[in-house]
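From just these sequences and the hints, can you work out the full model?
There are 2 protein chains.
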Amino acid sequence: MIESSLKNKIEFILVEPSHPGNVGASARAIKNMGFDKLCLVNPKSFPDNEAFFRAKGASNILDNTKVFKTLDEALKDSTLIFGTSARERSIPWPLRDSDNLTDIILKELGKRNSKISILFGREESGLSNEELQKCNYQIKIPSDDSYSSLNLSHAIQIISYELKILFDSSEHIIKQTDVEASTEKEVDFLIKHIDEVMKQIDFYDKENPKQVHTRIKKLIKKINLDKMELGIARGFLSKIEEMLNKKD
Amino acid sequence: MIESSLKNKIEFILVEPSHPGNVGASARAIKNMGFDKLCLVNPKSFPDNEAFFRAKGASNILDNTKVFKTLDEALKDSTLIFGTSARERSIPWPLRDSDNLTDIILKELGKRNSKISILFGREESGLSNEELQKCNYQIKIPSDDSYSSLNLSHAIQIISYELKILFDSSEHIIKQTDVEASTEKEVDFLIKHIDEVMKQIDFYDKENPKQVHTRIKKLIKKINLDKMELGIARGFLSKIEEMLNKKD
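In order, the protein sequences belong to chains D and P. Each residue of the first sequence is one higher than the one before, starting from 1 at the first, in this note's numbering. Each residue of the second sequence is one higher than the one before, starting from 1 at the first, in this note's numbering.
Hints may be right or wrong, so weigh each one.
The list treats identical chains as one, so a pair stands whether inside a single copy or across any two.
Said to hold, decoys possible - Each computed DSS-like pair below joins lysine-lysine, with the alpha-carbon atoms no more than 25 angstroms apart:
1) 222 to 76
2) 246 to 218
3) 246 to 69
4) 175 to 246
5) 140 to 7
These are calculated hints, taken from the structure and not from any lab test.
Below, the structure is given as structure tokens:
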């Protein structure tokens, strides 16, 4: 078995769940696969008796479930973020069919302070575009084209099941390194920094400034810089600013 | 995509489910993965509004759900039977890790009249020993040792998810053959026939006749004879009986 400290690096985040029963069933689902971190963003009702009833023997998960008002607060310390989505552009989840995704997760687990967050959207409408943009990767559970919307706790069951199988088969593969991961908050500061510099040098297309901004944001999320790389990028931007200010 | 006629060969059977909500969630779970055959044995309450509420867009599955009083009736035409169980002796389900199990399923799908039934037990107590003995194979969903009992509809979600992935990746592999599968009922007749002959030739250990009978039953289930092989075995037994009767 993999050390439980590594399983602690995985966190399941439900964004605005409406049904307390789904929250309880999700707690049971992750405990069945050996995980224990559940997190809620602005739930309709929590704590709630229905959640504890559906959790059965997993009430300890609910006792330790953190509740946040906003997604940003929930993601503050996250270093790698997946968002589940039914969109076709997303990466199919089956980890065993995706060496790339597997490598990304195993590499991240090896970083000192890593924390992998997996986002699940609302029962009726999923995650918003803005929420998906906060993710490093969008993932999609394979399902029938004509009826693809899974029950929330069932989606969590499949994702945690795949992760358990990955963990069980990779116990000797994960190399603990000294690399420190950058957190969601730090990445956001970098994106803001880039944005400021872009504005100063009049880089944005005046007609459509948002399009370039969105692309850059996506790119930065995708390359998943570690703390040192991010520091270099920030230093580079500061230096540019310094030079620009000197000119004024 | 695989032809839907092959997906029709898979049937999910819930044995004595207590909670109508689980039946509804199970209907949704299999429809999400492109399957449509759900079967109930002696359910506590069906049809039931709660089942239809939880099924969401999968109410057509419930409309076509067959209900049987006994498991034997439900299995009458089945040609390959899996029983889900949390026992350690069972075969772990992840199909992609088990070439053997994959081969068995693909081979069975190729037979003309094949019908693969997957049994799920009661919410509280699972399948009985007697019910598991009716299965060709016992399968186990990997789960955490300290908390292994999955919610019923979640177990169905994982099994149907694995089957979908198998179907999607095997569309060109399944060879339709002329081999005719033997049904559960025919296999039961064979086992009874063996039993009769065993008694006639005083084969059973008088102290413990049930032990040998159980082993033979298990063996016959495991080798999964096709119709022609089964016919040869029955003919062989009949010939023995004929010779024995001549002697009297």
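Status of each hint after checking the structure:
no. : hint       : in the structure
1   : 222 to 76  : within (17 angstroms within a copy, 54 angstroms between copies)
2   : 246 to 218 : neither (31 angstroms within a copy, 86 angstroms between copies)
3   : 246 to 69  : neither (42 angstroms within a copy, 86 angstroms between copies)
4   : 175 to 246 : neither (46 angstroms within a copy, 75 angstroms between copies)
5   : 140 to 7   : both (22 angstroms within a copy, 22 angstroms between copies)
Consistency with the previously given hints fails for numbers 2, 3, 4, ordered from lowest to highest.
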